[in-house]
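Residue numbers (the numbering used here), protein chains in the order written: chain A, 737 to 921; chain B, 737 to 921.
Hints are supplied without guarantee of correctness; some may be wrong.
Pairs count within a copy or across copies, as identical chains cannot be separated in the list.
Derived pair list, reagent style DMTMM-like, types lysine to aspartate or glutamate, alpha-carbon separation capped at 20 Å [as the list claims (entries may be wrong)]:
(1) K759 / E796
(2) K868 / E851
(3) K856 / E796
(4) K766 / D776
(5) K740 / E892
(6) K900 / D794
(7) K868 / E878
(8) K786 / E830
I should point out that these hints are in silico values taken from the structure, not numbers from a laboratory.
2 protein chains.
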Amino acid sequence: MERKGLILWLTGLSGSGKTTIAKGLECELKERCCLVELLDGDIIRTNLSKGLGFSREDRETNIRRIGFVANLLSRNGVMVIVAAISPYRTVRDEIRKTTTNFIEVYVNAPVTVCEARDVKGLYAMARAGKIKAFTGIDDPYEEPLNADIVCYTTQESVEESIAKVIAELERQHFISTKPKNKMID
Amino acid sequence: MERKGLILWLTGLSGSGKTTIAKGLECELKERCCLVELLDGDIIRTNLSKGLGFSREDRETNIRRIGFVANLLSRNGVMVIVAAISPYRTVRDEIRKTTTNFIEVYVNAPVTVCEARDVKGLYAMARAGKIKAFTGIDDPYEEPLNADIVCYTTQESVEESIAKVIAELERQHFISTKPKNKMID
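Looking at chain A on its own, in the form it has when it is part of the complex (with noise of 0.2 Å):
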């Protein structure tokens, strides 16, 4: 079996669809025999990150973690798809350049739409200012200036998103063009 680590980094503000795109690719490389691992911006706050808040220091703080253990897999063979707001350049920057085999998916919606979407009910309380320094409300977010990938997900149906990491992938020879047989557990 092949293992070939990387880091899928999904970027984008709440309600872009980085969790909705990260599961159809976790299933996708998983039926292609691949080991994955989701590293889930939410998930990583309870496990990791407890106790860190919304400053600028704690979330470059929280972002930095995620590319810790995001390394420590991929450097072991694993494809690691993170899927976490990440909203500061520079940091993503940084993690890119110690990292092994960093891919950088903008996943792109406007504001207004994400806002519009609101799956979570955070740009109302966002709006209300129950939640401060909420990215695309009241704290930046940068978008990548030269991402790998850009899913433009008011354009694109989640299949076609997926479908755009998926070719990458097989372009860079991270995994082969026909998916393999599924092995049998």
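Go by the hints and put chain B onto chain A.
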């Protein structure tokens, strides 16, 4: 290449010899072409637990974080060596239950010996009251009751302790009995 992950959890007082044994094990396992990651308590504190102190709650959080990361790695076929005081029995037992292939190694040396060694000068600082809640001085160390392996570092050489752990890994078929030829890089 066989890939069976595990967590070798080295617990013991500061100065008991955890890091020395851990580094020797790391080297030995890498020579056998295993995928190995050493999670040393001090390094983890820097990368995952900055801001945490040494209260019981903070120590438990730190240990749980190490367990979380160790489990992500071990379930992906990595041999993880943890070297951390991890003084509380309940937390170690909790991690044993929630992780893959947890092997507890008690690095056993009396506190009087560890204090006499005082490699990092921490015992002197604890005695002088400059460090509070120091394990073995004014914070408890709860010995394992059923450690899988006990290394008596006052009676065994480092090599003997390492050999004891390796023998147990062979016995449990995590590694093959005869060392494999070293792979060419």
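Review point. So which hints don't hold here, by number, going up?
Key: Hints 1, 3, 5 and 6 contradicted; others consistent.
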